[in-house]
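Participant: Chains A and B supply the protein sequences, listed in that same order. Letter 464 of the first sequence, counting from 1, is numbered 669 in this note's numbering, and no numbers are missing. Letter 55 of the second sequence, counting from 1, is numbered 359 in this note's numbering, and no numbers are missing.
There's no promise every hint is true.
Subject to a maximum C-alpha distance of 20 Å in a straight line, what follows is the list of computed SDA-like cross-link-like pairs (lysine to any residue) [claimed, not checked]:
1. B:K515 to A:A591
2. B:K331 to B:A452
3. B:K510 to A:R598
Pairwise CB distance ranges (calculated) [what the hints assert, rightly or not]:
4. A:A531 to B:Q325: 17 to 27 Å
5. B:D450 to A:R631: 38 to 48 Å
6. B:A371 to A:E460: 52 to 62 Å
7. A:N372 to B:E352: 34 to 44 Å
8. B:E352 to A:M490: 24 to 34 Å
9. B:D370 to A:T550: 24 to 34 Å
10. B:D519 to A:R631: 14 to 24 Å
11. B:G382 to A:M490: 31 to 41 Å
12. B:D370 to A:R635: 44 to 54 Å
13. A:A374 to B:D372: 17 to 27 Å
14. B:A371 to A:S632: 41 to 51 Å
Coverage of chain B stretches by chain A, computed from C-beta distances (three or more under 8 Å per stretch; other residues unrestricted) [unchecked claim]:
15. 317 to 329
16. 332 to 342
17. 375 to 387
18. 406 to 419
19. 526 to 534
To be clear, the hints were calculated from the coordinates, so they are not data collected in a lab. For glycine and all other residues, C-beta sits at the position ideal for the given N, C-alpha and C.
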Amino acid sequence: MRDWLRPLGPGPARGAYLKAAGLVLLAAIPTAAMLTFTPLETASALFMLPGLVAAVRYGTGPAIFAALLGAVMSALFYDPVLSVLVVTPSQIIDLAISLIVAITIGRLAGQLRAEMVRVREGERRVRRLYELGSEIAGAGDLPAIYDIVARHMGEELGRAVVLFAPNEAGAWGPVRADADAVVPGLATEVEAFAARAPHDGGTEIDLVAPPGAGRWLLCRLGAASRHGAVLAVAMEDGAAGATGEVLVQVRSILEEGARSLERLGLSRALEERQLRRRSDLLRDMLMGAVSHDLRTPVASIMGAASVISGAPALAAEPELVALAEAIALEARRLDRRIQNLLDVTRIRAGALQPRLEDIEATDIVNAVLAGLSERLLDRRVALTVADAHPWVRVDPVLIEQALVNILDNAAKYAPAGAPVAIALGRSGDRLAIDVRDEGPGLDGGEQAHLFERFYRGERHADIAGGSGLGLTIARTFVEACGGTIEALSGGPGQGTTMRILLPVSPAGATREDEDG
Amino acid sequence: MADERASTAAPLVLVVDDEPQIRRFLKTGFELQGFRIVEAGTAREALEVAVMRKPDLVVLDLGLPDADGASVLEQLRGWFDGAVIVLSVRNAETDKVALLEKGADDYVVKPFGMAELLARARVVLRRVVSRGAPEPVLRVGALALDLAQRIVTLNGAPVTLSPKQFALLRALGMHHGKVLTHRQLMKELWPQDPDEDVQYLRILMKKLRDKLEPDPARPVYLVTELAIGYRLRTQEQLDLTGYAEVMP
Numbered sequence: 206m207r208d209w210l211r212p213l214g215p216g217p218a219r220g221a222y223l224k225a226a227g228l229v230l231l232a233a234i235p236t237a238a239m240l241t242f243t244p245l246e247t248a249s250a251l252f253m254l255p256g257l258v259a260a261v262r263y264g265t266g267p268a269i270f271a272a273l274l275g276a277v278m279s280a281l282f283y284d285p286v287l288s289v290l291v292v293t294p295s296q297i298i299d300l301a302i303s304l305i306v307a308i309t310i311g312r313l314a315g316q317l318r319a320e321m322v323r324v325r326e327g328e329r330r331v332r333r334l335y336e337l338g339s340e341i342a343g344a345g346d347l348p349a350i351y352d353i354v355a356r357h358m359g360e361e362l363g364r365a366v367v368l369f370a371p372n373e374a375g376a377w378g379p380v381r382a383d384a385d386a387v388v389p390g391l392a393t394e395v396e397a398f399a400a401r402a403p404h405d406g407g408t409e410i411d412l413v414a415p416p417g418a419g420r421w422l423l424c425r426l427g428a429a430s431r432h433g434a435v436l437a438v439a440m441e442d443g444a445a446g447a448t449g450e451v452l453v454q455v456r457s458i459l460e461e462g463a464r465s466l467e468r469l470g471l472s473r474a475l476e477e478r479q480l481r482r483r484s485d486l487l488r489d490m491l492m493g494a495v496s497h498d499l500r501t502p503v504a505s506i507m508g509a510a511s512v513i514s515g516a517p518a519l520a521a522e523p524e525l526v527a528l529a530e531a532i533a534l535e536a537r538r539l540d541r542r543i544q545n546l547l548d549v550t551r552i553r554a555g556a557l558q559p560r561l562e563d564i565e566a567t568d569i570v571n572a573v574l575a576g577l578s579e580r581l582l583d584r585r586v587a588l589t590v591a592d593a594h595p596w597v598r599v600d601p602v603l604i605e606q607a608l609v610n611i612l613d614n615a616a617k618y619a620p621a622g623a624p625v626a627i628a629l630g631r632s633g634d635r636l637a638i639d640v641r642d643e644g645p646g647l648d649g650g651e652q653a654h655l656f657e658r659f660y661r662g663e664r665h666a667d668i669a670g671g672s673g674l675g676l677t678i679a680r681t682f683v684e685a686c687g688g689t690i691e692a693l694s695g696g697p698g699q700g701t702t703m704r705i706l707l708p709v710s711p712a713g714a715t716r717e718d719e720d721g
Numbered sequence: 305m306a307d308e309r310a311s312t313a314a315p316l317v318l319v320v321d322d323e324p325q326i327r328r329f330l331k332t333g334f335e336l337q338g339f340r341i342v343e344a345g346t347a348r349e350a351l352e353v354a355v356m357r358k359p360d361l362v363v364l365d366l367g368l369p370d371a372d373g374a375s376v377l378e379q380l381r382g383w384f385d386g387a388v389i390v391l392s393v394r395n396a397e398t399d400k401v402a403l404l405e406k407g408a409d410d411y412v413v414k415p416f417g418m419a420e421l422l423a424r425a426r427v428v429l430r431r432v433v434s435r436g437a438p439e440p441v442l443r444v445g446a447l448a449l450d451l452a453q454r455i456v457t458l459n460g461a462p463v464t465l466s467p468k469q470f471a472l473l474r475a476l477g478m479h480h481g482k483v484l485t486h487r488q489l490m491k492e493l494w495p496q497d498p499d500e501d502v503q504y505l506r507i508l509m510k511k512l513r514d515k516l517e518p519d520p521a522r523p524v525y526l527v528t529e530l531a532i533g534y535r536l537r538t539q540e541q542l543d544l545t546g547y548a549e550v551m552p
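Okay, chain A solo, but in the shape it has when bound:
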């Protein structure tokens, strides 16, 4: 499409008619020249050309004007020359043909022009959409996106645009204070508008007139009212038509914004993030509540039972003392179960952050044995330590809890009275902690599923209580420290060995000589 086919405004200007007249006058020159060698009927056909050109360039109106003017001009060349009073049949035919050509070409050119305008408008929209989209893509969060939409709105409309958003306390105020545009009373209107959610009969766009502040168009951005925002567009005191026009533009920008968001999948991502944040908050609250509401009574039960078991008055009643001790032990066991539930919640939330230390693995094992008294395990624990074993780099508290769970598990499945053996030594470039029980052992399937959450061997469903969480937690904790854990068994009836392999401390061995 060449440049001379320019889009037109609502109607051809007066200049178009003047130019059409100019074209007719221009056509008179070759016509006059042609009269020297051709008959007038042929030469006057030249006067159709201005109509044609005007139709293409200026539209139907100027084309008809040019055709009529051409007919008048050609009449001037007929005898008597320079007189329009004599009308010949050939003149009438010329005029008719000129008009038909002018109207037909004018209509065609008009359609072409309209098509062009649409194409260019489309191009502009796509470019605007692209700009808006790429800016939104660069924005990190919803407020930034609202800000971009507000800026585009201001540029497109050439009007004052103020973005309103709620603060932490839920009160609405302008975000980017364009000082001259902020109007007292507007915030109140915005807050009232925001409170009327669309599903409660409110609208996406509303026109308000705060006292003494002119009229403002309010547009809702974002669905959730807590994370939403409101755009206020200043309206001039104009006719209803102007308002309608602005409304159309505003709607198109809002739609473009929404489309860009949708196209980028951002709105969903942002919603998901907000949802996640809310669920994190809920989880933390829940954890706090569980921690407090379940563990406090357990602590009271255990404490009270321990006071009773140590009471001088019961010194001569060993059976009652044993009962009180049993209450205390069970309370401690219950507390450990609650701890496991909390640990799983922590793991699921990805809140596990190991604090690695270089430490002797025996320190961890001994802490486990000190905390988990043998009475609690109800069996003997034999510990063997290889003379030369490397230090480890782990989070000692996580490994301690992993070991407690493994010992707990061993004690649960091994027959009463059978000892549990812990062996500690080097295995390749790692430190191995083996926890061996004389229990029923594992078959292949059990070995594969042992560490899955809530897995409990079907063969032992009758004998062992517990949620099956212990080993899952143990594995997660060990792996969080860069270690591995596996279950080894010769098969059913052969007992089970849980092997924990931990990363060795890179510094441990080199500083053995240090002693001031």
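Since chain A is already given, all that's left is putting chain B on it; use the hints.
Facilitator: Using the frame of chain A, we list chain B on its own:
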């Protein structure tokens, strides 16, 4: 059984916990052992009672409704020179270290048995009663430590320690039965360079255990508090553990 060295009246314990049931068993538990008890359910109340009654020991729960335990401890430590035992929860090792370094004498993890708390209470009260001067000779199991004479014996036979090893044992002995954080020990042993790698301390401890412990792989005197520090057990603490039964 009250501490024999407490020549005056039975020690007064201020129990600070917002849970009435916890206060209840603590009250009975302490009173059965001859202690006197005052109670407080909030931080504000605790500070008021502490000023009015001047307890020998404060048992401080960290989950108070009106203030966190650390701030109560800080306010107490401005003027209060009695003992403080903190009631803590699991998975809060950094909090425990911070509290110990802010002046708590020891901590007990909930849930706990009364015997455990009483043992800790006796240890920290002994320090308060004797105003920091340790017993002339510390004894636990086969180990005897004469701080004044700088003599260490095992089953009566003298043990030779390097100066740093003795310094570590002495630091723990000065606070016999109490947990000392890694940093507290580093400050004691390397005063000019307390932020040096804790690894030096661990290696030093390993060597000390090799010389003093019947089974260094399973220490009974010099015990580790994971992620916190070390403790030299008292005889009472040693008796409380089930260790003796499984020792070879």
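Participant: If a hint holds in the structure, say so; if it doesn't, say that too.
Facilitator: Hint check:
{"no.": "1", "hint": "B:K515 to A:A591", "verdict": "holds (18 Å)"}
{"no.": "2", "hint": "B:K331 to B:A452", "verdict": "violated (38 Å)"}
{"no.": "3", "hint": "B:K510 to A:R598", "verdict": "holds (16 Å)"}
{"no.": "4", "hint": "A:A531 to B:Q325: 17 to 27 Å", "verdict": "holds (20 Å)"}
{"no.": "5", "hint": "B:D450 to A:R631: 38 to 48 Å", "verdict": "holds (39 Å)"}
{"no.": "6", "hint": "B:A371 to A:E460: 52 to 62 Å", "verdict": "holds (54 Å)"}
{"no.": "7", "hint": "A:N372 to B:E352: 34 to 44 Å", "verdict": "holds (38 Å)"}
{"no.": "8", "hint": "B:E352 to A:M490: 24 to 34 Å", "verdict": "holds (31 Å)"}
{"no.": "9", "hint": "B:D370 to A:T550: 24 to 34 Å", "verdict": "holds (27 Å)"}
{"no.": "10", "hint": "B:D519 to A:R631: 14 to 24 Å", "verdict": "holds (19 Å)"}
{"no.": "11", "hint": "B:G382 to A:M490: 31 to 41 Å", "verdict": "holds (34 Å)"}
{"no.": "12", "hint": "B:D370 to A:R635: 44 to 54 Å", "verdict": "holds (49 Å)"}
{"no.": "13", "hint": "A:A374 to B:D372: 17 to 27 Å", "verdict": "holds (25 Å)"}
{"no.": "14", "hint": "B:A371 to A:S632: 41 to 51 Å", "verdict": "holds (50 Å)"}
{"no.": "15", "hint": "317 to 329", "verdict": "holds (count 5)"}
{"no.": "16", "hint": "332 to 342", "verdict": "holds (count 3)"}
{"no.": "17", "hint": "375 to 387", "verdict": "violated (count 0)"}
{"no.": "18", "hint": "406 to 419", "verdict": "holds (count 6)"}
{"no.": "19", "hint": "526 to 534", "verdict": "holds (count 5)"}
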